[in-house]
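Visitor: Residue numbers (this note's numbering): 209 to 354.
Worth flagging that the hints you see were computed from the coordinates, not collected in a lab.
Note that this is a predicted model, so its numbers are computed, not measured.
Note that CB positions come from ideal geometry on N, CA and C, so glycine has one too.
You may find that some hints are simply not true.
[Unchecked claim] Here are the computed distance ranges between Cβ atoms for each label pair:
id, residue 1, residue 2, range
1, R318, A249, 22 to 28 Å
2, Y257, I304, 19 to 25 Å
3, K353, G322, 46 to 52 Å
4, K259, A346, 30 to 36 Å
5, S352, V246, 25 to 31 Å
6, R324, P291, 21 to 27 Å
7, R327, L282, 31 to 37 Å
8, Q288, Y257, 46 to 52 Å
9, L255, P291, 16 to 22 Å
10, R318, I342, 40 to 46 Å
11, R326, P291, 24 to 30 Å
12, A242, K353, 24 to 30 Å
13, F238, Y315, 27 to 33 Å
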Amino acid sequence: MQAVQVQEFIPSALTAAAQAPQAKPGGMIFASWAILIVLAAIVIVFLRYGKKEYSVAVLPLLITPSVYIFSGILARMISQLLPYPAAELRALITIIAGLISCLLLGYSSRRLQGPRIRRAFFLCCAAFLIILTIVFVANILNISKI
209 MQAVQVQEFI PSALTAAAQA PQAKPGGMIF ASWAILIVLA AIVIVFLRYG
259 KKEYSVAVLP LLITPSVYIF SGILARMISQ LLPYPAAELR ALITIIAGLI
309 SCLLLGYSSR RLQGPRIRRA FFLCCAAFLI ILTIVFVANI LNISKI
């Protein structure tokens, strides 16, 4: 009796999972704009309180979300020149933007006072960038079903 219930449950669970709503491309673009607005507000607050070195150190965090916003257009243009799908190129562009952001973050955080503050700032911001890049790439691959 119980084996029959399990066999009936499995196909219905698979059907429900297949009919689950898929990720929408515009959702992460909206999130990218929100991240850009919050980071711009952080830069302005640092400038208002006279922390110019912190506001400069935060600027590399703006690169990854802004590149993600325009990576679709850029990937479609490049895909006409190269024999790669636009989704793969978009993921590659986003990863490169994350790497460039981390490199510039390391360079810009050198001006912060104190080695402990510099290290903590760099680790927190680098972790943010790595996680953000992973989320963006996972979203790209989920949307394109690669």
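Visitor: Hint by hint, say whether it matches the structure.
Guide: For each hint, the structure was consulted:
| no. | hint | result |
| --- | --- | --- |
| 1 | R318 - A249: 22 to 28 Å | 24 Å, holds |
| 2 | Y257 - I304: 19 to 25 Å | 33 Å, violated |
| 3 | K353 - G322: 46 to 52 Å | 47 Å, holds |
| 4 | K259 - A346: 30 to 36 Å | 34 Å, holds |
| 5 | S352 - V246: 25 to 31 Å | 27 Å, holds |
| 6 | R324 - P291: 21 to 27 Å | 49 Å, violated |
| 7 | R327 - L282: 31 to 37 Å | 34 Å, holds |
| 8 | Q288 - Y257: 46 to 52 Å | 47 Å, holds |
| 9 | L255 - P291: 16 to 22 Å | 46 Å, violated |
| 10 | R318 - I342: 40 to 46 Å | 26 Å, violated |
| 11 | R326 - P291: 24 to 30 Å | 44 Å, violated |
| 12 | A242 - K353: 24 to 30 Å | 26 Å, holds |
| 13 | F238 - Y315: 27 to 33 Å | 30 Å, holds |
When each numbered hint is compared with the structure, violations occur for hints 2, 6, 9, 10, 11.
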